[in-house]
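Enquirer: Chain by chain, the residues:
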Amino acid sequence: MPDETNELYSRNSIKLEYPESIEEGPSVMEHALEIERHADSKFDVIISNTGVTSKNRLVSAFTPENFPEERLSKKMTNGSEDRISAYINANSRQIISIDLKEKESARINMLVIGSAHLPFQVLVNCAPGSKLSLFEYYCSAKDDRYYTAPLHEFSIARDSNVEFSMINNKTSGSNFMGFSKAKVFSGASLSANHVYIGSSTTKVKCDFYAAEEKSSIYAKEIVVGSANQRFDLNTFITNANPNTYAKLESGAVLDGSSLCMLKGYAKVEKLAKGAKSRIEEHGILLSESAHIDALPDMAIDYGEGVSATHSAATAPIDKDALFYIMSRGIDGSESKRLFVGAFMSKYLSGMTNALARELATSLLLTKAETGIFGELPKISMKDVWTVEV
Amino acid sequence: MKLEIKDVFIEIGGNKVVKGTSLNVGSGELHVIMGPNGCGKSSLAKGIMGHPDYKIVAGSVNLDGKDLNGLPANERARLGLFMQFQEPIEIEGLGILNFLNAARNSLKRDSKSVREFMNEVKERSADLKLKEELVGRSLNAGFSGGEKKKVEILQMQILKPGIAILDEPDSGLDVDAVRVVADNIRKFMESTGAGVILITHYSRILEYLDPDHIHIMKDGRIMMEGGKELVQKIEKEGYEGGV
Chain A
1 MPDETNELYS RNSIKLEYPE SIEEGPSVME HALEIERHAD SKFDVIISNT GVTSKNRLVS
61 AFTPENFPEE RLSKKMTNGS EDRISAYINA NSRQIISIDL KEKESARINM LVIGSAHLPF
121 QVLVNCAPGS KLSLFEYYCS AKDDRYYTAP LHEFSIARDS NVEFSMINNK TSGSNFMGFS
181 KAKVFSGASL SANHVYIGSS TTKVKCDFYA AEEKSSIYAK EIVVGSANQR FDLNTFITNA
241 NPNTYAKLES GAVLDGSSLC MLKGYAKVEK LAKGAKSRIE EHGILLSESA HIDALPDMAI
301 DYGEGVSATH SAATAPIDKD ALFYIMSRGI DGSESKRLFV GAFMSKYLSG MTNALARELA
361 TSLLLTKAET GIFGELPKIS MKDVWTVEV
Chain G
1001 MKLEIKDVFI EIGGNKVVKG TSLNVGSGEL HVIMGPNGCG KSSLAKGIMG HPDYKIVAGS
1061 VNLDGKDLNG LPANERARLG LFMQFQEPIE IEGLGILNFL NAARNSLKRD SKSVREFMNE
1121 VKERSADLKL KEELVGRSLN AGFSGGEKKK VEILQMQILK PGIAILDEPD SGLDVDAVRV
1181 VADNIRKFME STGAGVILIT HYSRILEYLD PDHIHIMKDG RIMMEGGKEL VQKIEKEGYE
1241 GGV
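Protein chains in written order, with the working numbering: chain A, 1 to 389; chain G, 1001 to 1243.
These are computed hints drawn from the structure, not numbers from a lab. Be aware that a few hints might be false.
Unchecked claim - Here are some of the chain G residues that sit facing chain A, going by a computed Cβ distance under 10 Å:
| id | residue |
| --- | --- |
| 1 | Asn1069 |
| 2 | Ala1077 |
| 3 | Leu1081 |
| 4 | Ile1091 |
| 5 | Leu1097 |
| 6 | Ala1102 |
| 7 | Ser1106 |
| 8 | Ala1126 |
| 9 | Lys1129 |
| 10 | Val1135 |
| 11 | Phe1143 |
| 12 | Gly1145 |
| 13 | Glu1147 |
| 14 | Leu1230 |
| 15 | Lys1233 |
Virtual Cβ for every residue (Gly too), placed ideally from N, Cα, C.
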């Protein structure tokens, strides 16, 4: 993980206070039902401080005390990776295990509600040829001033596909920190689609590793910030073997005095002949006091047939684009909405999960337009097409 | 509808780029503005349409008697003005159909249902020989120069302005596409009665159109006016010799 040694990254970093005590929180089941009514959907798994409720047979929930020894030996993180991983590994209240057998398919929608500090782990193991769509929606019970801290591990075996979409829409007093590690094996792919709207402070680290030949990583993350929100996103993509593909697209739309650091780091290792690696970090500033640091970085160990490129750009809304839209009769505020909506939509293009996509679209537009977050507007899933995985 | 441009001066970043231009365009009239690069043709178009950087500092621009100066571009569009851009903006993620529908809803010029609107887009796209799949894509993103120009003309046809300013609709088009675009401009004028200001460098598009007036612009001013014979003079003598 380069952030510990990369001077630029460590200088542009948000420091977190790690909570010492993990308390029990109040029951949030009533709130969960309200969220389900607003989302017009039932979640398969509900995670809160009071435990895990699962309706899906592929999901097993453990506490650190009853987590099986043989599963422990397969864990990809142990806390030595960095402070976030260390904190979650040491303090997890729940460990959720999702295991897909060979050629098995599943779509799992999870609701995570914080009503106290909530460090937990989601360990995903996909056997060859399997297909998983995992969506996690993070929200708060009232008066949330706590940390929600998920740790994800994905082992994606040969020829399997994982789509991992998440939205953080926790309320303004809360904090969010996360750690994700994925290993993608031969011919397999990971599509990670992360939407950050909520919480006062967000700090996330993702380490996606294209481990074997012809494995692919498509990572997209979009931040919409307002007021004094702070975001620190660290995403590392690695091409470890020949003909691997890794692409990170990070975007931010910031208003108020919000701050966002986009730190995408790509590594192409020695054996990765013919690998393709790409980082794009783009931002739109809606106010003069908002601030985006886009810091793409790459380390290339091998050159033959390797394509490794990056781009970064941050600017206010393009005046000429706004003029163009307005020249068709559309007023200034609607023109801005169309422009920002268009910018954000490309970060949702990897979401095939209908619920994730509908929620993300609705929440992102509301946030960009009004700055409001932490609430879930009512949506209707009646006319939304769902394609079975 | 009548557009009256009276002794107008336009400034960008403190520099005067249009220096006293007058032009009256009525319904059904086709006015052609020609002139060398950098003479102020596009600046005049942007200033009339209300680009915030192109300020009208003297003179007046009225549409049906209403002073346009100070109005935002969307208000000018609502009053009946349209501008086809020389370099149309690419907006990834904004679908052409969504964009056109939003514009149509803002302008409130027709009461077509969404289905009727879609059918109209389909028909006009066919007239323009635009690939059907193009209108389902993001606005101008990855389009060729010719496709962009055709999508501009498509927008004009759907939004039905009273006065359209077309800034080089023929540049970047192949021979066949110039004819298609010209045919569509002519049909649009005939069917709606709209007045058009057409800015161009080339005489080829005028082989398919019948302009009422030709205006030759140089150094921010209209220096010569006349009929189609002016085009031949410019073709023969160039702007240096002819103006």
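Enquirer: Please check whether alanine 1077(G) passes as an interface residue: C-beta within 10 Å of a C-beta belonging to chain A.
Expert: 4 Å, holds
Enquirer: Holds or violated: is there a CB of chain A closer than 10 Å to the CB of asparagine 1069(G)?
Expert: 16 Å, violated
Enquirer: Just to be careful: measuring from the Cβ of leucine 1081(G) to every Cβ in chain A, is the smallest value less than 10 Å?
Expert: Holds, about 8 Å.
Enquirer: Any CB of chain A closer than 10 Å to the CB of serine 1106(G)?
Expert: Check passed: Cβ of serine 1106(G) comes within 4 Å of chain A, closer than 10 Å.
Enquirer: Tell me if leucine 1230(G) is really an interface residue toward chain A, meaning its C-beta lies closer than 10 Å to one of theirs.
Expert: 29 Å, violated
Enquirer: If you take the shortest Cβ to Cβ gap from alanine 1126(G) to chain A, is it below 10 Å?
Expert: At 22 Å from the nearest chain A Cβ, alanine 1126(G) fails the 10 Å test, so the hint is violated.
Enquirer: Would you settle whether the hint for phenylalanine 1143(G) is holds or violated, based on the nearest Cβ-Cβ distance to chain A being less than 10 Å?
Expert: 14 Å, violated
Enquirer: With 10 Å as the cut and Cβ atoms as the points, is lysine 1129(G) at the interface with chain A?
Expert: This interface hint is violated because 23 Å lies over the 10 Å limit.
Enquirer: For the restraint on valine 1135(G), tell me whether the closest CB of chain A is nearer than 10 Å.
Expert: 15 Å, violated
Enquirer: Hold the hint about alanine 1102(G) up to the distance rule: shortest CB distance to chain A must be less than 10 Å.
Expert: 6 Å, holds
Enquirer: Against chain A, with CB atoms and a cut of 10 Å, does the hint on glycine 1145(G) hold up?
Expert: 16 Å, violated
Enquirer: How about isoleucine 1091(G): closest beta carbon in chain A under 10 Å, or not?
Expert: 5 Å, holds
Consistency note: the structure conflicts with the earlier hints numbered 1, 5, 8, 9, 10, 11, 12, 13, 14 and 15.
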